[in-house]
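2 protein chains.
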Amino acid sequence: MNFERENIRRMAGYTSGEQPDNELVIKLNTNENPYPPSPQVSEVLRQFNPESLRRYPPATAQKFRQLAAELHGLDPGNVIATRGGDELLRLVITTFVDPGEKIGMTDPTYSLYPVLAQIQNCPIVEMPLMADWSLPAEFAQSMNDAKVKLTFLVNPHAPTGVLMPIDQVSNLASELNSILLLDEAYINFVDHDYQTSQLIKQHDNLVILRTLSKGYSLAGLRFGYGLADHSLIEPMLNKTRDSYNLDFISQLIAEAAIADQDYVRGNWRKVIIERNRLKVQLHELGIICAESQANFLLATIPESINSGAAELYQQLKERQILVRYFNAARLGDKLRISVGTQEENNQLLSAIKGLVDQH
Amino acid sequence: MNFERENIRRMAGYTSGEQPDNELVIKLNTNENPYPPSPQVSEVLRQFNPESLRRYPPATAQKFRQLAAELHGLDPGNVIATRGGDELLRLVITTFVDPGEKIGMTDPTYSLYPVLAQIQNCPIVEMPLMADWSLPAEFAQSMNDAKVKLTFLVNPHAPTGVLMPIDQVSNLASELNSILLLDEAYINFVDHDYQTSQLIKQHDNLVILRTLSKGYSLAGLRFGYGLADHSLIEPMLNKTRDSYNLDFISQLIAEAAIADQDYVRGNWRKVIIERNRLKVQLHELGIICAESQANFLLATIPESINSGAAELYQQLKERQILVRYFNAARLGDKLRISVGTQEENNQLLSAIKGLVDQH
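So the protein sequences, as listed, match chains A and B.
Counting from 1, position 118 in the first sequence corresponds to residue 118 in the working numbering; the numbering is continuous, with no gaps.
Counting from 1 along the second sequence, just add 359 to a position and that's the residue number in the working numbering.
Note that these hints are calculated values from the structure, not bench results.
Errors might be hidden in some of the hints.
Said to hold, decoys possible - Capping the alpha-carbon separation at 35 Å, the derived lysine-lysine pairs in DSBU-like fashion look like this:
id	chain 1	residue 1	chain 2	residue 2
1	B	LYS560	A	LYS63
2	B	LYS629	B	LYS422
3	B	LYS422	A	LYS63
4	A	LYS147	A	LYS102
5	A	LYS147	B	LYS506
6	A	LYS317	B	LYS461
7	B	LYS676	A	LYS102
8	A	LYS201	A	LYS102
9	B	LYS461	A	LYS147
10	B	LYS506	B	LYS461
11	B	LYS560	B	LYS422
12	A	LYS102	B	LYS638
13	B	LYS638	B	LYS712
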């Protein structure tokens with residue numbers, strides 16, 4: 001007998017990027033930070049008393065929320081700590097969107113959003129981005145006309161890396177009748193001052209997602225957080241969140257990591273410098289990238305290079321270099337390349353150059 | 360503006376037991392194991408390389424699932440690893456129960472079940488337990504008549520500790536038209552051989568919940584797992600589960616803990632011995648406990664002792680001893696007391712004795 005709900009039976013799950021066991025692989029496919037986490041993380045682990053795992057952890061991660069609030073000039077009541085950004089995405093849906101109500105997003109976007117909408121049995125309203133991957137001027141109006149209850153926007157955008165002007169974010173929040181979930185998973189790699197956290201004081205429909213996965217080199221930890229008006233935080237924190245959603249070790253590590261801003265800022269600068277260099281050098285090989293403010297580049301592979309993106313992806317993989325290929329509309333001739341260390345980027349560039357020269 | 364869904368607005372969240380910061384408190388209120396986790400857990404932490412947190416963790420916890428499958432004589436396809444038992448409870452609902460469909464349970468039961476049902480907007484069908492806290496003979500028939508889609512059963516029962524005969528579990532799974540979620544959070548403290556895992560081979564509607572919180576002294580880790588026919592595991596594992604639901608450190612610790620069966624079995628024996636001793640000594644003070652096979656006792660406090668349960672709870676709390684009081688039907692004259700170490704139990708007994716003698 002098949003017990004699945006009808007919407008679950010129909011859907012396919014999320015497909016994450018490959019996670020090879022092989023340590024020799026140059027892994028530029030899932031936007032991980034190429035530098036290690038803060039030395040303070042090692043210190044937490046060194047001092048951790050395993051016996052403290054015997055007891056339940058702090059239920060709402062108060063200490064982390066206090067630190068995040070201080071960092072962003074907000075109150076702890078404006079912060080929820082979650083198991084990666086993923087948990088926050090799920091919570092905004094289960095807290096604010098009834099099954100059957102619509103969820104809006106751009107096309108393309110982060111491919112997890114439609115999966116989460118399907119789990120809640122919510123129809124998806126998609127609007128194509130412009131040719132330069134910017135948001136169409138009529139986006140908010142279209143979402144309102146479609147009676148969307150929640151709009152997902154990733155900024156800098158994935159998989160292109162394009163950043164929206166900050167005024168546009170604020171205007172969007174004003175115009176939308178729905179909740180706006182602003183996914184800032186990649187915000188730490190913006191090369192100029194760009195702060196949205198104070199916008200939640202003006203917009204009680206704005207939820208900002210942050211994660212420690214990329215900026216803090218802690219993808220393996222599964223820790224993120226949300227910033228919003230307390231009226232949005234409160235029901236997620238006290239009603240729909242799994243009780244004890246964050247284990248004790250994760251909380252201590254996340255506290256140490258977010259407190260060490262000097263260290264992470266150094267890493268962000270290194271990634272930005274490498275991103276810009278990689279972009280220029282790919283350009284010299286005839287590969288044009290979108291204007292990225294993230295830790296990855298969306299690179300258009302001309303047919304003249306190894307018959308295009310799908311083929312180049314395979315040939316790089318054979319050379320132990322993993323990048324991401326999306327078999328989707330408008331992305332079929334492109335590869336998304338995470339920015340690695342200088343050494344990793346050089347190996348990627350030299351592998352591509354070698355493949356170009358063969359032709 | 361209030362964006363909450365109507366069902367979320369109406370509901371109250373789950374209330375967990377108090378988690379005092381004060382290290383001096385004797386904490387017998389949330390059923391934690393009084394003994395530390397396996398020494399292998401310390402070893403994992405000692406050897407852990409923080410740099411490995413840079414990358415995403417294994418998405419489906421394959422190694423842990425392999426170990427759990429071997430322990431229970433099943434295949435990894437019969438196992439899902441989850442963030443505590445809580446995540447599994449949520450997943451069986453979101454995967455198998457549409458909003459508006461009914462979820463069945465006993466009264467009383469684990470107080471999280473109704474909260475999770477409310478989040479999915481599912482009506483609850485409750486059936487009172489018998490006077491001795493056993494299941495009424497007509498339970499399955501009643502659930503079927505009410506067209507329940509999912510039945511929650513905690514065994515040994517919480518908050519009483521009463522264990523169902525194994526034949527009754529199997530008969531229930533046969534009789535129920537719904538999925539049966541058998542919550543075995545406390546199963547490790549049963550004092551005789553009692554194995555249900557092979558029942559999943561006969562019943563494709565049975566999901567068995569296990570957690571490392573109690574038996575493995577790892578409440579702070581948030582790690583549990585489910586056992587079921589692969590047709591039930593597959594959609595939870597590949598569709599409704601948050602991608603990367605388990606961080607890398609938790610996976611390594613859980614693998615080490617479940618592999619060290621000799622160590623945990625020693626702890627289980629110690630808890631069982633103390634449970635039986637505590638029960639006898641409470642009896643000598645005029646306090647009768649239900650027949651518990653869990654790591655707690657549900658104790659009926661006569662009015663003659665400090666005016667009853669609520670008052671005794673308060674007076675113990677003033678003496679830095681925390682137990683659990685439920686202000687609910689049939690439980691108002693009772694306290695749930697977690698079994699502590701011999702020393703902790705002695706302090707509890709002597710505090711109660713002191714309070715009795717004052718009267």
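Status of the hints after comparison with the structure:
Note on LYS560(B) and LYS63(A): the hinted pairing is violated, with a Cα-Cα distance of about 45 Å set against a maximum of 35 Å. In summary, the hint linking LYS629(B) to LYS422(B) is supported, as the alpha carbons are separated by about 29 Å, within the 35 Å threshold. The hinted pair formed by LYS422(B) and LYS63(A) meets the criterion: a straight-line CA distance of about 32 Å does not exceed 35 Å. Between the alpha carbons of LYS147(A) and LYS102(A) the distance comes to roughly 7 Å, so the proposed pair stays at or under 35 Å and holds.
A C-alpha spacing of about 34 Å is found between LYS147(A) and LYS506(B), which places the hinted pair at or below 35 Å, so the restraint holds. For the hint pairing LYS317(A) with LYS461(B), the CA-to-CA distance comes to about 49 Å; that exceeds 35 Å, so the pair is violated. Distance hint between LYS676(B) and LYS102(A) is unfulfilled; the C-alpha atoms sit about 49 Å from each other, more than 35 Å. Of the pairs offered as hints, the one joining LYS201(A) and LYS102(A) holds, with about 26 Å between alpha carbons and a cut-off of 35 Å not exceeded.
Simply put, LYS461(B) and LYS147(A) have alpha-carbon atoms about 29 Å apart, close enough for the 35 Å limit, and the pair holds. Simply put, LYS506(B) and LYS461(B) have alpha-carbon atoms about 7 Å apart, close enough for the 35 Å limit, and the pair holds. Pair hint LYS560(B) plus LYS422(B) holds up; C-alpha atoms about 22 Å apart against a cutoff of 35 Å. Note on LYS102(A) and LYS638(B): the hinted pairing is violated, with a Cα-Cα distance of about 55 Å set against a maximum of 35 Å.
As the CA atoms of LYS638(B) and LYS712(B) are separated by approximately 14 Å, the hinted pair is consistent with the 35 Å bound.
In summary, the numbered hints that this structure violates are 1, 6, 7, 12.
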